[in-house]
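Visitor: Chain residues, written in single-letter form:
There are 2 protein chains.
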Amino acid sequence: MPFKAKVTVMFRKSILDPQGAAVERALKSHAGGDISFPDISSVRVGKVVELTVDGTSAESVKEKVKVLADRILANPVMEEYTVDVEPLS
Amino acid sequence: MPFKAKVTVMFRKSILDPQGAAVERALKSHAGGDISFPDISSVRVGKVVELTVDGTSAESVKEKVKVLADRILANPVMEEYTVDVEPLS
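Same order as they appear, the protein sequences are chains A and B. In terms of our numbering, the first sequence is numbered consecutively and its last residue is 89. In terms of our numbering, the second sequence is numbered consecutively and its last residue is 89.
Hints listed in this document are in silico derivations from the structure and should not be mistaken for laboratory results. Fair warning: there could be bad hints in the mix.
Any copy will do: because identical chains look the same in the list, a pair fits if it lies in one copy or spans two.
[Stated by the list, open to error] Lysine-lysine pairs mimicking BS3-like chemistry, simulated, CA-CA at most 27 Å apart:
hint: 1; residue 1: 47; residue 2: 62
hint: 2; residue 1: 66; residue 2: 28
hint: 3; residue 1: 28; residue 2: 13
hint: 4; residue 1: 62; residue 2: 28
hint: 5; residue 1: 62; residue 2: 4
hint: 6; residue 1: 4; residue 2: 28
Every value quoted in this text rests on a predicted model; they were computed, and no experiment measured them.
Please put together the full structure from these sequences, using the hints given.
Guide: Take a look at the structure:
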């Protein structure tokens, strides 16, 4: 049975995120044209990996994807991740 | 009142995602490890931007963040995005 898994990987809070800082600066200085977004703070940029996984239950798929995230998709020293699994509709 | 907004940006389904294809190949062969994940397919890699936005309601913040995503964070020609907003706990 196919499941859709989504792994979201972000830098840990304690790690500086220069890409997020750059995005925040761009948003505040209206790099987009005629508007700016001064009410924005704490911008952090991460990556998300969506995959289709064949498995018997959402729990078993989640366990499998956690192994995968821990070993390959994320660097646990610097990054933290969340895993969401739902049946593929 | 502060809200936490999360913008997830992925390539449109019709656009090739070479990074996702590379990740899929790596997962299936798990180069440099003792396990592999053959049950995986349709890997796509995107980016996620988390931001703290000051606003009066979740709806108004969502509208604002959609403008921002449309104009700055995503390229609507090639990418699609989703916006989630929740009160900052």
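Visitor: Check residue 4 against residue 28 for me: Cα-Cα at most 27 Å, and say if that holds within a copy, between copies, both or neither.
Guide: between (35 Å within a copy, 17 Å between copies)
Visitor: Quick one: residue 62 to residue 28, C-alpha cut-off 27 Å, is that within a copy, between copies, both, or neither?
Guide: Result: close only across copies, 17 Å inter versus 38 Å intra.
Visitor: For residue 47 vs residue 62, is the C-alpha pair at or below 27 Å within one copy, between two copies, both, or neither?
Guide: For residue 47 and residue 62, the Cα distance is within 27 Å both inside one copy (18 Å) and across copies (21 Å).
Visitor: First find the shortest C-alpha distance between residue 62 and residue 4 inside one copy, then the shortest across copies, and answer within, between, both or neither for a cut-off of 27 Å.
Guide: Both. Shortest intra-copy (10 Å) and inter-copy (25 Å) distances satisfy the 27 Å Cα cut-off.
Visitor: State whether the alpha carbon distance between residue 66 and residue 28 is at most 27 Å within one copy, between copies, both, or neither.
Guide: between (36 Å within a copy, 15 Å between copies)
Visitor: One pair to classify: residue 28 and residue 13, alpha carbons no more than 27 Å apart. Within, between, both, or neither?
Guide: within (21 Å within a copy, 31 Å between copies)
Against the hints set out earlier in the document, no violation occurs for any number.
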